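K.L.:
So the sequence lines, in the order shown, correspond to chains A and B.
Residue numbering for the first sequence follows our numbering, starting at 161 and increasing by one per position.
Residue numbering for the second sequence follows our numbering, starting at 913 and increasing by one per position.
What the hints contain is simulated information worked out from the structure, not anything from laboratory work.
Please read these numbers as outputs of a predicted model, since none were measured by experiment.
Beta carbons are placed, not taken as given, at the ideal position from N, Cα and C, and that holds for glycine.
One or more hints might be untrue.
[As the list claims (entries may be wrong)] Sample of chain A residues facing chain B (criterion: CB under 8 Å; computed from the structure):
#1 Tyr199
#2 Pro200
#3 Leu204
#4 Lys268
#5 Thr270
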Amino acid sequence: AQSVTQLGSHVSVSEGALVLLRCNYSSSVPPYLFWYVQYPNQGLQLLLKYTTGATLVKGINGFEAEFKKSETSFHLTKPSAHMSDAAEYFCAVSANYGGSQGNLIFGKGTKLSVKP
Amino acid sequence: EPEVTQTPSHQVTQMGQEVILRCVPISNHLYFYWYRQILGQKVEFLVSFYNNEISEKSEIFDDQFSVERPDGSNFTLKIRSTKLEDSAMYFCASSTRLVNEQFFGPGTRLTVL
């Protein structure tokens, strides 16, 4: 069975500071990994995804994440936080095998606050 | 930019009543999903749908739930007899192909009284 753990339900950073949101996954098969962002009263928007190939993936709004198989991690980073980054962030995993129907398994989410 | 739309944005119903949540996926997408998020909890997979039939469903998706694609554009989730614990935000999503980026709608907040 697959699962996702996001450490920290709430992270607070100052504007301009590094953003680090942690995600660890459990999967018995090679995973596909995703980060989604949810702004208030909106749906989930894809930030970035890892399927195969380069383990460092870049997404929208200056975010990036690195797939580390040995650590079963897919942490999300951004060098310099902006006020507009304040939102809730969800890490998700999908099974990468022929029998999968593509459903996403989500973590509990991390709410990011950005202080001026 | 194409987007997934959902109606209504908020539905209030009495326990035991039937509700239908509606979604219009992105037009060239082939795979459709419903997820729900109970307040303060994880987003949970309910069901996936492809080629006019259910592909996969979770244990949450019991006999009280059903999905349908009644025409070429709508994708609906029906809850036959709502319970208090069905109160949640329900998200519809669609994708062009299996295990690809899923595009999510803004959600329908269902409140069961």
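K.L.:
Does each hint hold? Answer for all of them.
P.N.:
Hint check results:
| no. | hint | verdict |
| --- | --- | --- |
| 1 | Tyr199 | 10 Å, violated |
| 2 | Pro200 | 11 Å, violated |
| 3 | Leu204 | 4 Å, holds |
| 4 | Lys268 | 5 Å, holds |
| 5 | Thr270 | 12 Å, violated |
Going through the hint list in order, the structure does not satisfy hints 1, 2, 5.
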